[in-house]
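Residue numbers (our numbering), protein chains in the order written: chain A, 1 to 192; chain B, 1001 to 1097.
No lab work stands behind these hints: they were computed from the structure.
All figures in this text were calculated on a predicted structure; none of them were measured in a lab.
A portion of the hints provided could be inaccurate.
Stated by the list, open to error - With a straight-line cut-off of 25 Å between C-alpha atoms, the simulated SDA-like cross-links for lysine to any residue are: (1) B/K1081 <-> B/L1093; (2) B/K1081 <-> B/R1034; (3) B/K1081 <-> A/M166; (4) B/K1081 <-> A/D29; (5) B/K1081 <-> A/A28; (6) B/K1081 <-> A/H107; (7) B/K1081 <-> A/H128; (8) B/K1081 <-> B/D1031.
Residues per chain are reported as follows:
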Amino acid sequence: MIVCDALDPFFDDELPLAAANSFRVHLADCAGCQHQLRGRMLESSALTRSGRPLVMTSAAELVSVGWRRCWLVAEAAACLAAAAIVAVWLVGSPPAADSRVVASIRHRDNHMLGMPSSGEAMLDDTLHLQFAPRTSVWVYVDGHRLVLACPGDQRCHPRTADLPLMTPGTYSIVSTIGDDEPTALAESFHVR
Amino acid sequence: MHEPLDDQYGELASSGDRVASEPAWGRVTLDDVRAALAEIEPPFRDAYMLHSFDRLPYEDIARRLGIERITVGTRLSRARKKLRDILVVRFGLEDRP
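For reference, chain A alone in the conformation it holds in the complex (with noise of 0.2 Å):
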């Protein structure tokens, strides 16, 4: 029987790929380990913050595009303690102004391309993100695999990262900023 307390391996990415495999599907459906989950990310996200308490950023200030709220299910990886988003599902659909981070794709001849509406970008391609201040974001790719995490990579600036598309796979794209829940992109895209 899977229990959460696998949750903070998991989130480690510390966990054998078939317990962590197994884990993802019992976090899918344990209400639990999505509410542990979503402190450890939280938690993290204190650990990158400074200085000052974090003051929520109002709506209005964030930046707008086609979000969805959901509810992530990650496991971490190495750095941030973040890893590898394990299923995101979709509970509802609120207004643009929830949103917190803007994904858009540039071509390698410096084209900006917004996100493709195929749903597609191409190796060599880079992943241009702009964020609302003291927005923690994190990119994975197949669901399992953190090439980014923002604040603390390099490629991370305070409101913008760029991520040179150097692997194919479907990336996927999570933030959470204070209090709130994490939220993931709900347009994920493949790179080939």
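Take the given structure of chain A and dock chain B to it, following the hints.
Relative to the frame of chain A, chain B by itself:
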């Protein structure tokens, strides 16, 4: 992921305890976490700092501290529980259920 029952640092808190004691993370800063860490026992603090600040994997922490890898996981879980308890007292509980 449990240390032996005779572990000198006590039993792991139940999952239910953890769910009930999430601090209001939005008001917690890195400095607050560091201050809270200073209040917990060195074995837990050391494991937590090596993992969360130095970003070492369990295996490296185990080697550094001279303990089993599985013990690292248990100490990290206990460290987090202790941190939560301290931060809840200091910052209160989250509003959300």
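Which hint numbers does the structure go against, in order from smallest to largest? 3, 6, 7
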